[in-house]
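Could you build all of it, start to finish, from the sequences and the hints given here?
In case you want the letters, here they are:
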Amino acid sequence: MVLILLVRDYIDRMLHDIPGMKVLVLDPQTVGMLSVVYSQSDLLKKEVFLVETMDNASSSRESMAHLKAVYFLRPSADNVQKLRRHLAMPRFAEYHLFFSNILKIQQIQILADSDEQEVVQQVQEFYADFCAIDSYHFTLNIQNNHMYMLPTVVDPPGMRSFCDRAVDGIASVFLALKRRPVIRYQRTSDVAKKIAQETARLMYEQESGLFDFRRTENSSLLLVIDRRDDPVTPLLNQWTYQAMVHELIGIENNKVDLRGYANVPKDQQEVVLSSVQDDFFRANMFENFGDLGMNIKRMVDDFQHLSKSSLNLQSIGDMAKFVSNYPEYRKTHGNVTKHVALVSEMSRIVEERRLMLVSQTEQELACTSGQAAAFEAVTSLLNNESVSDIDRLRLVMLYALRYEKESPVQLMQLFNKLASSSAKYKSGLVQFLLKQAGVDKRTGDLYGNRDLLNIARNMARGLKGVENVYTQHQPLIVQTMEGIVKGRLRDVDYPLVGNHFQQGRPQDVVIFIVGGTTYEEARSVALYNAANPGVRFFLGGSVVLNSKRFLEDLGEAHRISKSSTTI
Amino acid sequence: MATRNRTPLYRKYRDALRHVRSPAGAPSSSGGGGGGPLIEMASLLRSDRTYAPLSTDDPSASSRGAVMVGLPPAWVDVSEEISANMQRAKMKMGELAKAHAKALMPSFGDGRDDQRAIELLTHEITDLLKRSEKRLQKLSMKDSSEDSNVRKNVQRSLATDLQNLSMEFRRKQSSYLKQLRQQKEGQDGVDLEMNINGSKSTFEDDEFEDVGFSEVQMSKLKKSEAFTREREREIEQVVESVNELAQIMKDLSVLVIDQGTIIDRIDYNIQSVAASVEEGCKELQKAERTQKKGGMVMCATVLVILIFIMIVLLILKKIIF
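For the protein sequence lines, the chains are X and U, in the order given.
Quick note on numbering: the first sequence equals residues 1 to 567 in UniProt numbering.
Quick note on numbering: the second sequence equals residues 1 to 321 in UniProt numbering.
Honestly, the hints are just simulated from the structure, not real lab data.
As the structure is a computational prediction, the values presented were derived from the model and not from experiment.
Be aware that one or more of the hints could be misleading.
What the hints assert, rightly or not - DSS-like mimics (lysine-lysine), calculated; alpha carbons at most 30 Å apart, straight line: (1) X:K435 / X:K464; (2) X:K255 / U:K178; (3) X:K331 / U:K178; (4) U:K152 / X:K331; (5) X:K45 / U:K98; (6) X:K321 / U:K102; (7) U:K138 / X:K45; (8) X:K46 / U:K134; (9) U:K178 / X:K321; (10) U:K250 / U:K178; (11) X:K45 / U:K172; (12) X:K266 / U:K292; (13) U:K152 / X:K46; (14) U:K90 / X:K321; (15) X:K45 / U:K92; (16) X:K266 / U:K102; (17) X:K45 / U:K12; (18) X:K321 / U:K12; (19) U:K282 / X:K321; (20) X:K331 / U:K102; (21) U:K12 / X:K178; (22) X:K82 / U:K178; (23) U:K152 / X:K45; (24) X:K308 / U:K90; (25) X:K331 / U:K282; (26) X:K417 / X:K464; (27) X:K45 / U:K134; (28) X:K82 / U:K152; (29) U:K178 / X:K308; (30) X:K331 / U:K134; (31) X:K46 / U:K90; (32) X:K45 / U:K130; (33) X:K46 / U:K92.
Printed below as a string of structure tokens:
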């Protein structure tokens, strides 16, 4: 619960010292950051009886002088302007301003200037500028994520805002952890290098006083890598609970939107999947679909048993017991319905898109070699009518990423077949992917066929056989983590910024993936942390990807690069 | 966990900028000695630049939106009353627990005083809880202002607390009664045995006597009747209190949020507020359109035209004749 607890702690401190009835004013991003760690009932316990956003707070004219206002905002120029207007015509008795990141001096001056009524009681920086979706996984929900695939010259201000948000987010994570890290980045990625260098400048030069934590005994590490080093993981279909829900339906800040789907009960249109509040989810979020099915069946049986016994009220004592246990009963009922709805919806999608068949080929493309067999498999699936367009696109991409250099004729055949059968497919998308993330651009050993050690390991794995064909893929990040722990991360591939050096093994490592993380990688990180208590790994990214989002970003970048003639 | 306090820096800027803004001296309390009547008048007119942050009873200031130390709305008093009631109920529950413990201890006396004290306390607590619940229902008056959100949330939090309190009360009561029953059963069991033995012996005697109840049997019967009556009364009390509290629970459960569901999410609540405001807007627009298109308008127009025509005809008739 580490990251979640950090943000909760910040919020607790914000609300704790202010007595009386309060109103909390947020901006659209801090709403997301707050909602994943704090619930409405928690707020009510802290006497926060109204939550507003910046926009509807300014449009309302009603004065509520019996409330004290607590503002929790990102220190953006837009927010400061809006805040000026609020301060010029104050609606509440007192104003307590909390910013989620470092304020610039001009911003403080602007605010001081507009505070004519002197309603502001405190201005603080509480560094909770990230969305802590799980204990070791955070995201920044950056809107224009596709920027990372484009060179800076295409859209300098867009790239600037992307990098600034990333640097702000990473800095706030380290401030919350109270660490100042040694920074390494992936050599082959310009955007990773830029972000790493700017973070270093912030931490060691501009705000060195703020980051000076005097903890040199157990140093920490920030590793900034690029999504394009491992393009395979976001393209694969997933079979573990949390990753699967995100892949097939979509999770946004731990919320799942089931509104477009038929056969979903009325009160389950939108559900929450939080490992903090939901015990069943916490126990099963990393389980594969088969085990999950069994556990759900057991949960439903238990619940049926419970509800049957409650129907059997014989005496007053039984009735009294039922009445007093009713809230628990209702909560369990809601939980069971939620999980059953999710799993049945996913089963339906698996059935409809023939995902068992498709995913088997995908996993083989990702994990085993054998070009001819792979070509056969992909071609037969492309010819299969019931495979959807997006699945066909993914298969061809996975094939192309693996067998890029072998047999270009067959690759061309696949491209043509894809273009002819899929109406939505924008031509050149696969080639664009290869240009971005092809074998020449990648640093890490994605398929385990560069390093002798990895080849040997692969052969051993092939001989041993795998227990589950559908979950045999291991994301590249696992190798990276092992490299960090054993000190085998090569300086040539992952250079250090500036003249820092790593003393010994780091205790806290934050891996930031520019371009987005996936739930499969988050699962690997969580499992690795559980198995190796000596080091703590945190994973964060600009967004949380599923295959749909990754392809959208790719498509957007492709469209922009085609239309821009300066490249 | 690092934080940084920017308040001192902010205050410094604020003070500096304030001095820059009004150097001619609004009548500052820190000795505006040089202020002539002209300057004072000027500062009175620009009341939004007064030194005091709060201004009361200034009609012009309200239009400019200066902060009013307004009285909080009336429902805040209601909510405070409810929470005061709940505090009192909590205290009484502590007393009740002590009284329960005392009554359960074996004693030589009748225990009737303890019983009465317990009864009194129980009634008081149930009364307080019921009253709080009624006031809570009153809080949910429909009000289309933004204030209604605050009200709703206050209501929710009080409802959660009230529900927890009443559950605790129920649990204490039921455990006390269970223990009491166990104790009484012990006594009664012995009594019953004696009764059975007694009746057996007297039956044997009866063979040679009148078929009628003897004195001893009458008194024994009376005693057991008294016991049954008392037990009945106690059970009725229990049933009544269970019913009352079940009623409270039922009413409260619609107010209380289920933790961990979507309703408990802050972003969902913000969205739904925005969505309902939008819906309201759309409904109003639709209503306006329907009204405009409505048959009423047509009818009214037609009637007015007809009236004019009739008037004209009337005038023509007068003229012609």
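Comparing the hints with the structure gives:
no.: 1; hint: X:K435 / X:K464; result: violated (35 Å)
no.: 2; hint: X:K255 / U:K178; result: violated (45 Å)
no.: 3; hint: X:K331 / U:K178; result: holds (28 Å)
no.: 4; hint: U:K152 / X:K331; result: holds (22 Å)
no.: 5; hint: X:K45 / U:K98; result: holds (29 Å)
no.: 6; hint: X:K321 / U:K102; result: holds (25 Å)
no.: 7; hint: U:K138 / X:K45; result: holds (21 Å)
no.: 8; hint: X:K46 / U:K134; result: holds (24 Å)
no.: 9; hint: U:K178 / X:K321; result: holds (13 Å)
no.: 10; hint: U:K250 / U:K178; result: holds (24 Å)
no.: 11; hint: X:K45 / U:K172; result: holds (25 Å)
no.: 12; hint: X:K266 / U:K292; result: violated (36 Å)
no.: 13; hint: U:K152 / X:K46; result: holds (15 Å)
no.: 14; hint: U:K90 / X:K321; result: holds (22 Å)
no.: 15; hint: X:K45 / U:K92; result: holds (23 Å)
no.: 16; hint: X:K266 / U:K102; result: violated (52 Å)
no.: 17; hint: X:K45 / U:K12; result: violated (35 Å)
no.: 18; hint: X:K321 / U:K12; result: violated (62 Å)
no.: 19; hint: U:K282 / X:K321; result: violated (47 Å)
no.: 20; hint: X:K331 / U:K102; result: violated (37 Å)
no.: 21; hint: U:K12 / X:K178; result: holds (28 Å)
no.: 22; hint: X:K82 / U:K178; result: violated (62 Å)
no.: 23; hint: U:K152 / X:K45; result: holds (14 Å)
no.: 24; hint: X:K308 / U:K90; result: violated (35 Å)
no.: 25; hint: X:K331 / U:K282; result: violated (35 Å)
no.: 26; hint: X:K417 / X:K464; result: violated (36 Å)
no.: 27; hint: X:K45 / U:K134; result: holds (22 Å)
no.: 28; hint: X:K82 / U:K152; result: holds (27 Å)
no.: 29; hint: U:K178 / X:K308; result: holds (25 Å)
no.: 30; hint: X:K331 / U:K134; result: holds (26 Å)
no.: 31; hint: X:K46 / U:K90; result: holds (20 Å)
no.: 32; hint: X:K45 / U:K130; result: holds (22 Å)
no.: 33; hint: X:K46 / U:K92; result: holds (25 Å)
Comparing the model with each numbered hint stated earlier shows that hints 1, 2, 12, 16, 17, 18, 19, 20, 22, 24, 25 and 26 do not hold.
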